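Q: What follows is the residue order along each chain.
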Amino acid sequence: MFVLFAIDADSLTKHYRVYLQPSDRLKEMVLRTPCHQLVEALKGVSFQVPAGGTLGVIGENGSGKSTLLKILAGTTQPSGGRLVKKGRTAALLELGSGFHPDFSGRKNIHLNAALLGLNEKEIKEKEPEIIAFSELEGVIDRPVKTYSSGMYMRLAFSIAISVDPDILIIDEALSVGDQYFQQKCIDRMAQIRDSGKTFLFCSHSMYLIAELCQKSVWLHQGKVRDYGDSADVVGTYLAYLDEKQSKEKETSKTWTPSPDVSTAPEVTVEEVFLTDVNGVRLERAVQFQPLVIKVKTHRSGPPFKGHVGIALMKPDEKIIFAAMSKKEKSEPVNFTGEQISEMVLPSLPLGSGAYKISAVISDVHGLAAIHDGRSDIFHVVSEQPELGMCWMEHEWRLPGIDH
Amino acid sequence: MTYEKIMRIAPIRKPLRLLSLIIILLRTWIMVPFRFRTLFKGFVTQEIQGRCAGSMGGVVWYVLTPLSNLCMYIFIFSVVFQIRMKPIETGTDSFVVYLLTGLFPWLAFSEAALNAPGLVVAKANLITKVLFPTEVLPIASVIVTYLINSIGFILFLAFLLFNGYGHLMWLWFPVVVGLQMVFSLGFVIWISSLCVFIRDIQQFIGIVMQIWFYLTPILFPLTMVPERYRLILTINPMYPFIELYHMILLQHQISWFLFGYAAVVAIFLFVTSIIFFDHVKTSFADVL
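From first to last, the protein sequence lines stand for chains A and B. Sequential numbering from 0 applies to the first sequence in numbering that gives the first Met the number 0. Sequential numbering from 0 applies to the second sequence in numbering that gives the first Met the number 0.
No lab work stands behind these hints, which were simulated from the structure alone. Be aware that a few hints might be false.
What the hints assert, rightly or not - Pair ranges (Cβ atoms, derived):
id	chain 1	residue 1	chain 2	residue 2	range
1	B	259	A	24	36 to 46 Å
2	A	315	B	44	50 to 60 Å
3	A	34	B	88	49 to 59 Å
4	B	25	A	34	53 to 63 Å
5	B	259	A	23	41 to 51 Å
6	B	207	A	61	33 to 43 Å
7	A	23	B	207	18 to 28 Å
8	B	287	A	185	28 to 38 Å
9	B	64	A	119	30 to 40 Å
10	A	141	B	60	21 to 31 Å
If you're wondering where the values come from, they're calculated on a predicted model, not measured in any experiment. C-beta atoms are modelled at their ideal positions from N, C-alpha and C, and glycine is treated no differently.
Same shape as in the complex, but just chain A (with noise of 0.2 Å):
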């Protein structure tokens, strides 16, 4: 059977039995009757990562990322469904995982190499390239007790990607280690990648997701959220940790003032909502396309002279922009009834992300805030690899290369 892909997951499940005392699980085992909580730590995975593909995994906390990993590094079986992998598996799931403190680094590296599947002449030939690697030569022959924790994992990080794997599983190993050293694991993850191996990453930083995974997968709850584009992906999960955020202030907002029925605004801000061109409601916004943002007022009685302000922000209430109606010699808006006022924007420079809109209404002078909306948080979709929460108009001017 040709084999397109270098991992092939489908429906993954894995179940763990958690037994509130060790003598539980005796019991179980004697008596045949269930004395265990099933907790689902993955209910039914599937992606495929083809032969020289990158694949990013993201998702919060016990989101079921780590028993992903494990599951493919092999360390524990799944429950249920079907995994096929094709080549030599090398995982990075903890650091230093099988040191012996009071062996000397180069001990150890015999001992992890040989742990990781190398034989003995393979051994052999790499030890310099680890040793260079890690730029331990001083302290290599030290036992490893006495390494700092950096260093630790430096040591480790060297030996692993030494292995020269068809398939590398590297599960949030660059938490430790100086921006420098950082660096230099990025650079060679990049190496590792181009050179045609298969790639599974795994971590919280975003930025490294997408920029070294071609696709990503997002877990949530042990489920498959969101599966394609690293960009989208991060796009997606970042806008749902926005959202999340900013939820969880507005609970937090227990007392709120009652509003002054004696001071009734003049001008109400009924809605604040966004429409493409033709006037069509739009949930999700999609980046240089143009954008409509659409307030209703509504004013009982007599006509009333104010102006509008609109206001572009991130969730947590930060403005992205701000602009106002009142411009030098602009006439007045005449508030009366339920009224329109439209904002346009020809080609919408926000990045991917989550954002909403606060829209205000102001007296003749644009001094005093009369009555304020907010929309709906919505989402910017955006097939620029760059990051942030707009776009920018740039040019490279790189040293050494001719423009």
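Following the hints, complete the assembly by docking chain B onto the known chain A.
A: Here is chain B on its own, set in the frame of chain A:
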């Protein structure tokens, strides 16, 4: 990775016949130290050096501990109780010679057994994070224990040879040692894998080994035991091994009944242990 290939053969999904399962497992266990010799060698050196790393005395402690015990036994049984051996029954009139013949093999077994509970549990970090053949753990531990304990025994054998105990029957001796290693390995595999699920074994094993020692005819010949208690001592699975050493080395004869007894016990324990190990090893990572 070659290990994964073996793994693919080893976990039996469909209920194969027991015999073919046993053959596959036996092949796996015999192949593992050869196929993963780098890893195996690594674990063996780690065991040997790791046991003495950090302490100044190092290997000296492995000689001193049994030596102090030995002096104590000699004092109590030779000096205080003044036990003399009957050469017709035991082949020697020296209590010390009789004692050492049984004590050295016992120490090797008992040390292996006492180390067993920690074998898998202590490597929890490794087992959950790295894929490697866990089979090497008990094998390496048993081999290292026997290697360390063989130093004293070889010296003792030289002493026996020098004192004219040598005989062609001695050729049976390595065969019995081999059987005892198979027995120990089976025991260690059982204990080390059971201990993952029942941690109490760690505390329990010390008591068991102590009682077991006194129930084995090492400090005394079986003939000294009152007739009605002898059955209890002969049911003891270590009894045929120790008794065989006495017969081969001192009396220069072999009992086929005892040899068969020892072989059956060793092979039964080993085969059941590898079936159990294979059954539970996939859940090691989940439980640890």
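Q: Each hint needs a verdict: does it hold in this structure or not?
A: So, going through the hints one by one against the coordinates:
no. : hint                      : in the structure
1   : 259/B / 24/A: 36 to 46 Å  : 38 Å, holds
2   : 315/A / 44/B: 50 to 60 Å  : 57 Å, holds
3   : 34/A / 88/B: 49 to 59 Å   : 54 Å, holds
4   : 25/B / 34/A: 53 to 63 Å   : 35 Å, violated
5   : 259/B / 23/A: 41 to 51 Å  : 42 Å, holds
6   : 207/B / 61/A: 33 to 43 Å  : 41 Å, holds
7   : 23/A / 207/B: 18 to 28 Å  : 24 Å, holds
8   : 287/B / 185/A: 28 to 38 Å : 32 Å, holds
9   : 64/B / 119/A: 30 to 40 Å  : 34 Å, holds
10  : 141/A / 60/B: 21 to 31 Å  : 24 Å, holds
Comparing the model with each earlier hint shows a violation of hint 4 alone; every other hint is respected.
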